[in-house]
Amino acid sequence: MNLFALSPMQESAGQIALAAVLAIVGFAFLLPQPKGRKVAVGIAALIAASAVFVAWIYTTYGQPMPDIIGTVLFCLFSAGALLFGTALVVQSNPGRGAIAFAFVILSTCGLFLLLAAPFLMAATIIIYAGAIIVTFLFVLMLSHAGGPSDENNRSREPLLGALAGFAFTGLVLFSLYLSQGGAQAASAAESPKIAQRLPAQVLTLEERNTLLAAVAKLDAVEEQLAGDTTPIAERGRVDDYFKGVQDQIATVAGSNTVISQYGSIATRLEKVGEKVTPLRGDQQSLRVLRQTAEVRKQNEKAYDAVVNHLFDSKPDRATVKAELRTLRDQTLLLAGVGDLPARNVGNLGYLLYTDHLLAVELAGTLLLVATIGAIAITQRKGAVA
Amino acid sequence: MITLWHYLAVAAAMFGIGLVGFLTRRNMITMFLCAEMMFQGVAINFVAFARYHGNLQGQVFVLFIIAVAACEAGVALALFLMLYRRGKSLDASDWQSLREMGVPPTVDTVPLPVEAVTEDDRLAPAGVRPKHIPSEEEAARV
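If you read the protein sequences in the order shown, they are chains P and Z.
Counting along the first sequence from 1, when you hit position 206 you're at 1198 in my numbering, and nothing is skipped either side.
Counting along the second sequence from 1, when you hit position 99 you're at 127 in my numbering, and nothing is skipped either side.
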């Protein structure tokens, strides 16, 4: 028996602890101190900490990367946010700190954009652009020009502060690991389970692929029809093609054949009304359900049209084409509705002014109170109004 | 594929860095910026969960976070201004007389490094020619 063999959980805990300790050492050396700081040692420790952190993320949640651009952008923005955040904390000059904070905000906005939140990205940039300019104003107005000062060149307990902050972060990361993600990622190595992707799927990847394959087949059928010069053999091939398409769409949208871990769309989403914990119970998934039913209906209609086309002595090719085209478009639409659409600004506004109207009013009142409070705080006693 | 957990891990790290800054730095403006960074970490959590669940509730929550952050910025900067007027400094430790009873005060023992101050050149008052001894190089050139 190997006494040094570690379970995945212990290994993960060890990695997190190592990253936290290295980060604590790095920050303790880098935070401003009157004795002077050891920049090289601090930066080396921080680089080592980030390497361990990245390695932990990769071993715990790392999946093969089909979406290369998204992955690269995510790495870029998150690295930027963490790097400039560190610069903000260890920078003794508050003006430079404000510039670093501006970059933190820009990186965060990049992450918002990747998470399909374009309105929040714009709002954050606009609001924080104003906030940062005001902060600059304050820095210029209030800081002493030149020379070291108590507030900029001293830190309050750098070692203990870094210990508190990173011990907290380490615990959060470890509890993240203990929650579903870590456990699932650990078992994903053994069985090809569906990984927790963003977002929780209305349509699984397999289902979407099946739908896209059906669209491709429909396109092929359409080409066949275009070249159809009434020989029966040709028409038979159209029928063969179309049967394949129907089977595929039925797998996804119609029958109760279990095709993924969660079953087909219909079985999966129809659990919503029952006491069974639904995978998704929101408006979007209900809409997908309706859309699936429509595709199923259109599928039958198109099939009828093709059958009529085959047995009719004078086939009406225009109708068949139109039905097939409608079916193709609907299938394509269904394949695309799995994700939270990025164009959600209108929906956000609708949600704000219907479900959260009271909260909007309260936020407005809070802003008003804060404005009055700020004026009241800064007013000099005895100043002439 | 980037999963929800990647975003949560980055947000946790951002929150932790902001927390360290808030605990250790003494400049009130820097502390304020660190607190804003912690807000951003939380906002990433909310938006990531909004995307994960495929609805917009998380984004709505972040909008309210931004509103609260704006209020906080207004009041905090007004407070800094008032404290600066009284103490002529942005050092948060200047106000440690507000600390809890029985807690010993923080005393800065290590002196700040002294920077060698070089006297700036000054303009001579108008009308009188300044006394100027040319250096060797200057003399050679003239």
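Rather than coming from a laboratory, the hints here were simulated on the basis of the structure.
Don't take each hint at face value.
If you want the ones that stay clear, here's a sample from chain Z, every Cβ over 12 angstroms from chain P, calculated [unchecked claim]:
id : residue
1  : 79
2  : 149
3  : 167
Some chain Z residues judged to face chain P by a derived CB distance under 8 angstroms, without partners named [stated by the list, open to error]:
id : residue
4  : 30
5  : 34
6  : 57
7  : 70
8  : 123
9  : 129
10 : 131
11 : 135
12 : 140
13 : 144
14 : 146
Because the structure is a prediction, the values reported are computed rather than measured.
Note that the Cβ used here is the ideal one computed from N, Cα and C, for glycine as well.
Let me make sure I understand: some of the numbered hints might not hold for this structure. Which ones are they, in numerical order? The structure breaks hints 1, 7, 8, 9, 10, 11, 13, 14; every other hint is satisfied.
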